[in-house]
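The primary structure of each chain is shown beneath.
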Amino acid sequence: DAGVTQSPTHLIKTRGQHVTLRCSPISGHKSVSWYQQVLGQGPQFIFQYYEKEERGRGNFPDRFSARQFPNYSSELNVNALLLGDSALYLCASSWTGKWQDTQYFGPGTRLTVL
Amino acid sequence: DQQVKQNSPSLSVQEGRISILNCDYTNSMFDYFLWYKKYPAEGPTFLISISSIKDKNEDGRFTVFLNKSAKHLSLHIVPSQPGDSAVYFCASGSEKLVFGKGTKLTVNP
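Chains as they are written, first to last, in our numbering: chain A, 1 to 114; chain B, 1 to 109.
Errors might be hidden in some of the hints.
[Claimed, not checked] With a cut-off of at most 25 Å between alpha-carbon atoms, the simulated BS3-like pairs for lysine-lysine come out as follows:
#1 B:96 / A:98
#2 B:54 / A:98
#3 B:71 / B:56
#4 A:52 / A:98
#5 B:56 / A:98
Treat the hints as calculated values from the structure; they're not laboratory data.
Could you put the whole structure together from the sequences, leaning on the hints where they help?
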């Protein structure tokens, strides 16, 4: 069975640009969560979507947005990129929308903002 | 404000010995705890969990201990193997998952 896939694997952008990151969950999983991991830190929760609706949002500015499609794949969008947005962006999927549910992570997208 | 703390950034042990990774939490509402393991260039993978109604949970070489009064949990790996070398994250939450900063474990042959 295919695991969680994310694209692209690496991305280089300049300040002020916009970026779209994509995630395909494990087949049958209806919940997708996004995390930001900066160097030396643990993953930090950004968004959770379940059945195409936002279930939770972390402490991130409105420049960050996301959506989930009918096939349960998801996009994370970041506008007006800042140097501090450079990080590994992780997508995780799970069966339910419960936070305790085991989350299966993709390999991440490494975003570098110059 | 860090609600989940892993105060040891790194740990080095010899193959065959015990590895003990520690985690402290501050929020008394937290009642479910998880450990994830992360290899370079891969996403974190779930390792083991424990509910606050228990004080111990075992899965093969991995055991997690929970001390609710001290708001402390630990992950024991016995015996440690070189393949266990990875970053280990402790996580918990109330509505969302909150991760610690991680502890990099190195198991030397």
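- Query: Given the hinted pair residue 56 of chain B and residue 98 of chain A, is their alpha-carbon gap at most 25 Å?
  - Reply: holds (23 Å)
- Query: Keeping to a limit of 25 Å between CA atoms, is the pair of residue 71 of chain B and residue 56 of chain B held or broken?
  - Reply: holds (14 Å)
- Query: Are the Cα positions of residue 52 of chain A and residue 98 of chain A separated by 25 Å at most?
  - Reply: Answer holds: residue 52 of chain A to residue 98 of chain A is near 15 Å, not above 25 Å.
- Are the Cα positions of residue 54 of chain B and residue 98 of chain A separated by 25 Å at most? holds (20 Å)
- Sort out whether residue 98 of chain A lies within 25 Å of residue 96 of chain B, counting only the CA atoms. Holds. Residue 96 of chain B to residue 98 of chain A sits at ~9 Å (cutoff 25 Å).
Comparing the model with each numbered hint stated earlier shows that all of them hold.
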